[in-house]
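J.: All chains should be modelled from the sequences, with the hints used to inform the complete structure.
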Amino acid sequence: MASVAPELVLFAELVGAAHVRAADASDAVGGVVPSLVVSPADEDEVASVLSAATARGLAVVARGGGTKIDWGSPPERCDVVLSTSRIEGIVDHEPADLVCVVRAGTTLSHLQKTLASAPGFRQRLMLDPPQGDAATIGGMLATAASGPLRTRFGTPRDLVIGASFVLSDGTVGRSGGKVVKNVAGFDVAKLLIGSLGTLAIVTEVAFRLHPLPAASSTVAFESRSVLELCEFAARVGRLQVTPSVVDLHWPEGVVVVRFDSSEQGAAVQAERVTRDIGGRNLTPDDGAALTASRAGSPWTGAGAVAAVATLPARAGEFLSSMSATCDAVAWRPLLGTGEMRFAPEALETVRTAVRTAGGRLAIRRGDVFVSGDADDDVAVDLMRSVKRQLDPARTLSPGRQVGGI
Amino acid sequence: MLDRAFLETLRAIVGDDGMITATPALQTYACDGLTGRRVSPAAVVLPLTTAEVAEIVRACAEAQVPFVARGAGTGLSGGALPVADGVVIGLSRMRAILDIDLDNHQVTVQPGVTNLEVSKAVRPLGYFYAPDPSSQQVCTIGGNVAENSGGAHCLKYGFTTHHVLGATFVTADGRIARLGGAVRDAAGYDLLGMVIGSEGTLGIVTEVVLRIVRVPESTETVLAAFATMGDAGEAVSRIIAAGITPAAIEMMDRLAIQACEEIVHAGYPDCGAALIVELDGPAVESAAFLRDVLDICAASGATETRVAASEAERALIWKARKAAFASMGRISPNYYVQDGVIPRTRLRDVLEQIGALSATYGLRVANVFHAGDGNLHPLVLYDNSEPGAGERALQLAGLILDACITAGGSITGEHGVGSDKACYMPKMFSPGSISVMGRVRDAFDARDLCNPGKALPTPRLCGEVPGMYRPHAIEMSGLAERL
Ligand SMILES: Cc1cc2nc3c(=O)[nH]c(=O)nc-3n(C[C@H](O)[C@H](O)[C@H](O)COP(=O)(O)OP(=O)(O)OC[C@H]3O[C@@H](n4cnc5c(N)ncnc54)[C@H](O)[C@@H]3O)c2cc1C
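Protein sequences, first through last, are from chains A and B. With the working numbering, the residue at position 335 of the first sequence is 335, and numbering never jumps. With the working numbering, the residue at position 122 of the second sequence is 122, and numbering never jumps.
Calculated directly from the structure, the hints in this document are not laboratory data. Heads up, a few of these hints could be off.
Which stretches of chain B does chain A cover? Using the computed rule of at least three CB atoms under 8 Å from a CB of chain A, they are [stated by the list, open to error]: (1) 66–76; (2) 189–195; (3) 337–344; (4) 405–412.
Pulled a few chain A residues facing chain B out of the computed Cβ check, cut under 8 Å [claimed, not checked]: (5) Arg157; (6) Val183; (7) Ala184; (8) Ser385.
Ideal Cβ placement from N, Cα and C applies to all residues, glycine included.
T.: Next comes the structure, spelled out in structure tokens:
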């Protein structure tokens, strides 16, 4: 951007002078420093900010809590950071319907607290992405971020039942609704979840909620052999039990299996695991302590972090080959997905191993960020076509998606 | 009429036995389960492979001929309604189960495989495919993907979109793409998620990777009788509020029970409303929840509760429920199946409105539905030989949708928009929202050849329909547009 002043005045007119400021190095996105940070108050202001930016050829990157702002390839250009911090609050919570509607800039922790305190009900949104406390709903959607609960409840795509959004030309749209079952209209939210902010700015989201369990039981299985850990997890997957969490942690050498259910239901399932295949039943305190101690893994500690996926059945071999290379691994064996931390120099080794295992890799933290490799040219072509239709001027986070989209 | 050279191109791809152009045979393909709308296509082709589908689509794209994919034709929204002078691509001959991979809990199938065949194939191994539409003996996985089909057990297990890992997809210009896949977290946009539920308007699915689920250790099924639908609805709300997630909660009213009893003789009690609640999981857990559910039913005024004591008893309870649509023929010459959704807490209120509408129109309405997720299926009964009855039934069915929208629900929970409800879309979505959906469609099929006129309203389509289909000005202005 040539000069900041005229644009600052322009956006100040749209959102108020108090909500526009010159950007500094701390606002950088994937190393690209923007000129301005603009904080619109609502959907209408988002629409006017985006229309104005598009008319002037400015690139806009949306930012929520900033916890995953570097996920995705670095943007080609970034003139304006659009902060969603003011688009905040819970619009609707119908505890008896197990649904809520929340604005995109609301933090996940605020949402969870509000949901948990509804009188007469105990429920929550079953998503627990990394750095979840400061994460906003919008950022969690854009990155499709999930955590240990994914094994049972899936990712944002599985729990979002509706979304409102604004396109770069200022068009305001919505898909879905606020009922759990609904097939009316195209589910446009599916495209936005994991889009890394390249298609639209999400302003409001409706979620399906789940009751909080009455009780939890945790089983831990320890081994110094990754193969043994994977085999244990696979056997859990073949039992007639429904764990919420099955996570493998390396180098700790432990598989954590957690059951959330009725008091009896949780205990019985945990016993089934220890009786039939092994591991030990933890006391509730020990279970909670183990979960807490592993919660930040593999993000705590220096180094690059990659998200990796393989076929579940190939993970044992793959993770074994990585056990010396990686400093920390948090893996969901039943899904074949996980995150691993390693020294930046090891990137090529990791990349080669992932490729050999027929897996996928996205780099979430490090010297370079990569949103992943596209494995099908026709699919990427369709993605480009979607981008052309929804953001033809390439205003939104240009270059952050696969194939430079 | 399609020109002869084009038809010969198709014939060269699928051979004589894969091609239908004779008028009587074409009639078979003129409608889906929404039998009131019929259009004969110019030709039907029955490919055997992904490559053949791609070649057919390329030929259509080149000649600018519209094409419509078709599975078993059980859709209830006219999704597979042909285009006159267009081609129907029937996937019914692509019905191989290509791979069963227990290590990775997945199955790969061709799109013409029926829903039930998948579960049958993996059941002996201790697994099942969770989405279970009532039409599961006949409907195809391709159709399920296109409609994002649900079923009674989706309350706990989720819909088709939660169970599809990947697909081979023929684009609207005849290229072959792989979307998603057995390895999770494909990079880029979730095109697979976009295609699921898009009603065959974005391209054709020719291979699908499905997630299969371990059969639960135990299942408990309760049949509870109530004096009124309101009482039964109260029981549903209390079960959900108690933090129980049953595998299924289904409800039927007196008329639906009577009709089902005529053909299935399941011995349902004579009552104002019957509730089927199914609980599954580890034996102690489902037994514990069963006790809770029985208590809740009693507290909500149940006049009788029965717990299925054997697999046969359970099967009989479900047989009656799943026969609900088919049984309407016993009590009425004609019926229209509506499909709407409401927040489950509004059940009592909306059912009362339906009752009042039924009285006003002098038409009986039978109710059978997925109560756990608020998905209503009012069956509007009428006699076509009565002048104007069909039209009145459609009007009544339309007003039920209005009630669903006003209650904060949706115009369809599982049967899709198709050609039936395209013109209702503006009641639920603003012009801006619909324009974005249209742009997504354009991204996949700029020439509008792939199942045109379905799912989204078009001026041509919605200008033609009678007044009752038109959105009221108040809804167009956005008053009904609240998330
Ligand atoms: C008695 C009865 C009960 C029913 N119960 C339920 C129920 O409980 N839950 C529920 O969800 N539905 C139900 N349905 C509706 C219907 O069975 C489902 O929508 C089903 O998924 C349709 O499958 P089909 O193979 O018959 O598809 P069709 O009717 O042939 O086609 C449906 C749509 O899918 C498209 N399509 C078909 N194959 C493909 C493909 N390979 N690629 C791309 N697009 C394709 C078609 O173009 C069309 O738009 C019921 C229907 C009946 C008649």
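J.: With reference to the structure, classify each hint as holding or not holding.
T.: Each hint tested on the structure:
no.	hint	in the structure
1	66–76	violated (count 0)
2	189–195	holds (count 5)
3	337–344	holds (count 4)
4	405–412	holds (count 5)
5	Arg157	holds, 6 Å
6	Val183	holds, 5 Å
7	Ala184	holds, 5 Å
8	Ser385	holds, 4 Å
Violation of the numbered hints given earlier is confined to hint 1; every other hint is satisfied by the structure.
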